[in-house]
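Student: As a plain string of letters, each chain reads:
Protein chains: 2
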Amino acid sequence: MRATLMYGAGDVRVENVPDPVIKHPTDALVRITASCVCGSDLHPYGQMKPQDGPARMGHEFIGVVEDTGPEVTTVKRGDLVVAPFAISDNTCVFCREGLHTSCSHPQANFWDGEPEEGGQAEAVRVPLADGTLVKLPVAPDSALVPSLLTLSDVFGTGYHAAVSGGVNERTGVTVIGDGAVGLLAVLSAKRLGAEQIILMGRHRARTDLGREFGATDVVPARGEEGIAAVRDLTGGQGTHVVLEAVGHMPAYEQAVGILRPGGVISRVGVPQYEEAPIGFGSLFRHNLRLAGGPAPVRAHIEELMPDILDGAIDPGKVFDATTDLDGVPAAYQDMADRKSLKVLIKP
Amino acid sequence: MRATLMYGAGDVRVENVPDPVIKHPTDALVRITASCVCGSDLHPYGQMKPQDGPARMGHEFIGVVEDTGPEVTTVKRGDLVVAPFAISDNTCVFCREGLHTSCSHPQANFWDGEPEEGGQAEAVRVPLADGTLVKLPVAPDSALVPSLLTLSDVFGTGYHAAVSGGVNERTGVTVIGDGAVGLLAVLSAKRLGAEQIILMGRHRARTDLGREFGATDVVPARGEEGIAAVRDLTGGQGTHVVLEAVGHMPAYEQAVGILRPGGVISRVGVPQYEEAPIGFGSLFRHNLRLAGGPAPVRAHIEELMPDILDGAIDPGKVFDATTDLDGVPAAYQDMADRKSLKVLIKP
Numbered sequence: 006m007r008a009t010l011m012y013g014a015g016d017v018r019v020e021n022v023p024d025p026v027i028k029h030p031t032d033a034l035v036r037i038t039a040s041c042v043c044g045s046d047l048h049p050y051g052q053m054k055p056q057d058g059p060a061r062m063g064h065e066f067i068g069v070v071e072d073t074g075p076e077v078t079t080v081k082r083g084d085l086v087v088a089p090f091a092i093s094d095n096t097c098v099f100c101r102e103g104l105h106t107s108c109s110h111p112q113a114n115f116w117d118g119e120p121e122e123g124g125q126a127e128a129v130r131v132p133l134a135d136g137t138l139v140k141l142p143v144a145p146d147s148a149l150v151p152s153l154l155t156l157s158d159v160f161g162t163g164y165h166a167a168v169s170g171g172v173n174e175r176t177g178v179t180v181i182g183d184g185a186v187g188l189l190a191v192l193s194a195k196r197l198g199a200e201q202i203i204l205m206g207r208h209r210a211r212t213d214l215g216r217e218f219g220a221t222d223v224v225p226a227r228g229e230e231g232i233a234a235v236r237d238l239t240g241g242q243g244t245h246v247v248l249e250a251v252g253h254m255p256a257y258e259q260a261v262g263i264l265r266p267g268g269v270i271s272r273v274g275v276p277q278y279e280e281a282p283i284g285f286g287s288l289f290r291h292n293l294r295l296a297g298g299p300a301p302v303r304a305h306i307e308e309l310m311p312d313i314l315d316g317a318i319d320p321g322k323v324f325d326a327t328t329d330l331d332g333v334p335a336a337y338q339d340m341a342d343r344k345s346l347k348v349l350i351k352p
Numbered sequence: 006m007r008a009t010l011m012y013g014a015g016d017v018r019v020e021n022v023p024d025p026v027i028k029h030p031t032d033a034l035v036r037i038t039a040s041c042v043c044g045s046d047l048h049p050y051g052q053m054k055p056q057d058g059p060a061r062m063g064h065e066f067i068g069v070v071e072d073t074g075p076e077v078t079t080v081k082r083g084d085l086v087v088a089p090f091a092i093s094d095n096t097c098v099f100c101r102e103g104l105h106t107s108c109s110h111p112q113a114n115f116w117d118g119e120p121e122e123g124g125q126a127e128a129v130r131v132p133l134a135d136g137t138l139v140k141l142p143v144a145p146d147s148a149l150v151p152s153l154l155t156l157s158d159v160f161g162t163g164y165h166a167a168v169s170g171g172v173n174e175r176t177g178v179t180v181i182g183d184g185a186v187g188l189l190a191v192l193s194a195k196r197l198g199a200e201q202i203i204l205m206g207r208h209r210a211r212t213d214l215g216r217e218f219g220a221t222d223v224v225p226a227r228g229e230e231g232i233a234a235v236r237d238l239t240g241g242q243g244t245h246v247v248l249e250a251v252g253h254m255p256a257y258e259q260a261v262g263i264l265r266p267g268g269v270i271s272r273v274g275v276p277q278y279e280e281a282p283i284g285f286g287s288l289f290r291h292n293l294r295l296a297g298g299p300a301p302v303r304a305h306i307e308e309l310m311p312d313i314l315d316g317a318i319d320p321g322k323v324f325d326a327t328t329d330l331d332g333v334p335a336a337y338q339d340m341a342d343r344k345s346l347k348v349l350i351k352p
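Protein chains in written order, with the working numbering: chain A, 6 to 352; chain B, 6 to 352.
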């Protein structure tokens with residue numbers, strides 16, 4: 006079959022690879038019908054060293070079950086399914102608490118940690134299929150597929166940011182980042198009842214979509230100027246919750262700067278730093294809190310899917326381009342150049 | 006009058022200073038009847054540069070109101086009062102939310118930020134007396150004074166750690182630090198219903214008091230050995246909540262190491278660092294959270310005082326020595342040498 010491999014920064018290729026096969030009795034084989042490129046794929050696309058490649062790419066997909074191992078019981082051949090970006094058994098103590106990204110099963114993993122599997126391909130072997138896959142009640146060509154595909158990562162991640170940040174009717178929210186996760190964090194904050202949702206981003210087409218998703222204010226400025234603008238919008242007090250969907254240090258520093266005393270920074274952008282200021286001069290003085298991490302999107306699928314199925318929300322609007330597998334290398338470049346917000350792949 | 010001044014690391018003196026006077030209509034003058042030395046006073050005692058001194062010391066005290074400005078209404082001459090370590094108006098938007106340490110009044114401050122006032126003295130001018138002072142329904146010589154004095158900082162700080170960490174009947178708790186705040190964090194966790202309370206500390210007399218306050222386990226080991234011991238005690242999973250009452254980097258690193266996925270580090274030890282690891286390899290990977298800061302002890306006084314008045318708890322047991330003002334320099338040294346846990350001052 007054909008699959009996407011990254012050989013290093015800026016070097017993505019679509020090549021022939023061996024077809025996936027059932028290896029464990031809990032595996033399923035899935036023929037992929039829709040997948041996509043993630044903002045987090047752009048981190049290695051910007052900096053991966055050749056000696057770390059080639060790596061199979063893609064951790065968001067919808068597909069049709071082709072085969073299942075003898076222990077798989079919740080999905081069967083012919084089912085259309087969605088897979089979260091993390092493989093989990095959905096039964097361990099952490100999964101039962103809704104923290105599937107810390108699943109304690111030995112086979113639990115991120116797709117990005119599976120060297121021979123990836124979602125930007127024609128097919129994939131899914132470990133722990135009972136825990137990982139969720140059946141979708143639509144056909145593979147449904148118009149809802151783009152929105153349902155966001156359940157595999159970006160919508161669930163934006164929602165996790167909002168839930169981890171404690172967003173509710175009484176919190177003002179600021180979202181840093183106008184990528185797909187940031188925009189869907191806006192949608193999530195709106196869903197959780199936040200009245201003021203400030204979106205910090207400077208790409209007009211994206212912030213317009215953010216307004217459509219529920220942003221009440223848009224701040225294109227960054228750094229000190231951006232901080233001042235958010236403080237102005239919040240009566241000088243700062244914002245209760247920052248949903249940080251970027252992962253770079255300037256976004257973190259901006260988050261600290263715009264936060265209200267007692268407020269919380271909820272991070273879902275994968276940090277591209279390890280050390281950061283958290284002492285008296287940054288977080289401690291005013292009881293600022295820090296939350297977030299890899300989103301247990303599996304925990305949110307059942308909750309979010311009905312709103313998509315009944316048309317109440319349309320998170321799939323974050324896809325502004327579609328390609329086949331041949332176009333995947335160009336899709337990476339378009340997203341890196343910010344020509345595309347998020348590219349849907351029809352293998 | 007006589008007051009305590011710090012001239013630099015290891016150099017504490019008791020000297021004659023001008024008597025305090027009413028400066029603002031919202032001030033009160035208080036004749037101090039009981040105060041103490043704080044673990045946080047040991048930070049400057051260890052490292053203060055002479056050019057930063059002399060500094061008036063002491064931020065925990067009980068005393069009798071001697072005079073009040075014309076706008077003071079809630080306390081009057083002759084009242085016995087306790088003062089939190091932070092001056093606040095108790096009416097601003099942050100105080101009303103229980104975050105008195107972020108009070109927005111221009112005169113709000115920490116006692117340590119008031120250059121001409123301090124609690125380790127014979128008397129003190131109290132700004133924003135209506136907001137700051139709380140009347141005590143006992144006599145100045147009551148046997149309850151030591152416990153009531155802990156409401157000014159160490160008990161409220163331990164309690165803030167537990168509340169900020171979300172301690173409840175379903176959380177396992179580990180307290181790092183066997184100083185007065187750590188021990189009262191144990192008492193606080195017990196009060197909030199935690200069943201497992203692990204105390205990390207190596208001073209037997211202190212950890213024994215910790216057991217009396219509710220610790221179910223004591224871990225004297227530190228570093229990797231201490232982390233392994235806590236993991237053993239928590240079925241390998243780690244602890245839900247860490248109450249970090251030290252403030253040094255090794256305590257933070259230990260906190261990260263013993264935390265359960267999704268768990269929270271609640272810091273009340275004033276951080277002696279600004280940068281620390283919070284990226285994918287430390288907090289992010291398993292959704293570890295960070296909370297805490299200077300405790301709004303004013304918010305907790307009314308809640309905690311009844312338990313002291315009716316004898317249900319005795320947080321004053323953290324005082325293991327008493328001195329007059331002349332003995333204050335020696336009290337600092339005894340606490341620095343860990344000969345004394347916490348020294349009560351009877352001016």
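In case anyone wonders, no lab produced these hints; they're calculated from the structure.
Heads up, a few of these hints could be off.
One copy or two, it doesn't matter: identical chains are merged, so the pair holds either way.
Listed next, the in silico SDA-like pairs over lysine to any residue satisfying Cα-Cα at most 25 Å (straight line) [as the list claims (entries may be wrong)]:
1. Lys351 x Asp329
2. Lys322 x Asn21
3. Lys54 x Pro282
4. Lys81 x Arg227
5. Lys195 x Ala335
6. Lys344 x Gly284
7. Lys140 x Gly51
8. Lys54 x Gly286
9. Lys81 x Leu47
10. Lys28 x Val80
11. Lys81 x Gln242
12. Lys344 x Gly118
13. Lys351 x Ala148
14. Lys344 x Met254
15. Lys54 x Arg290
Student: Hint compliance check: list the failing hint numbers for this structure, sorted ascending.
Tutor: 2, 4, 5, 6, 7, 9, 11 and 12
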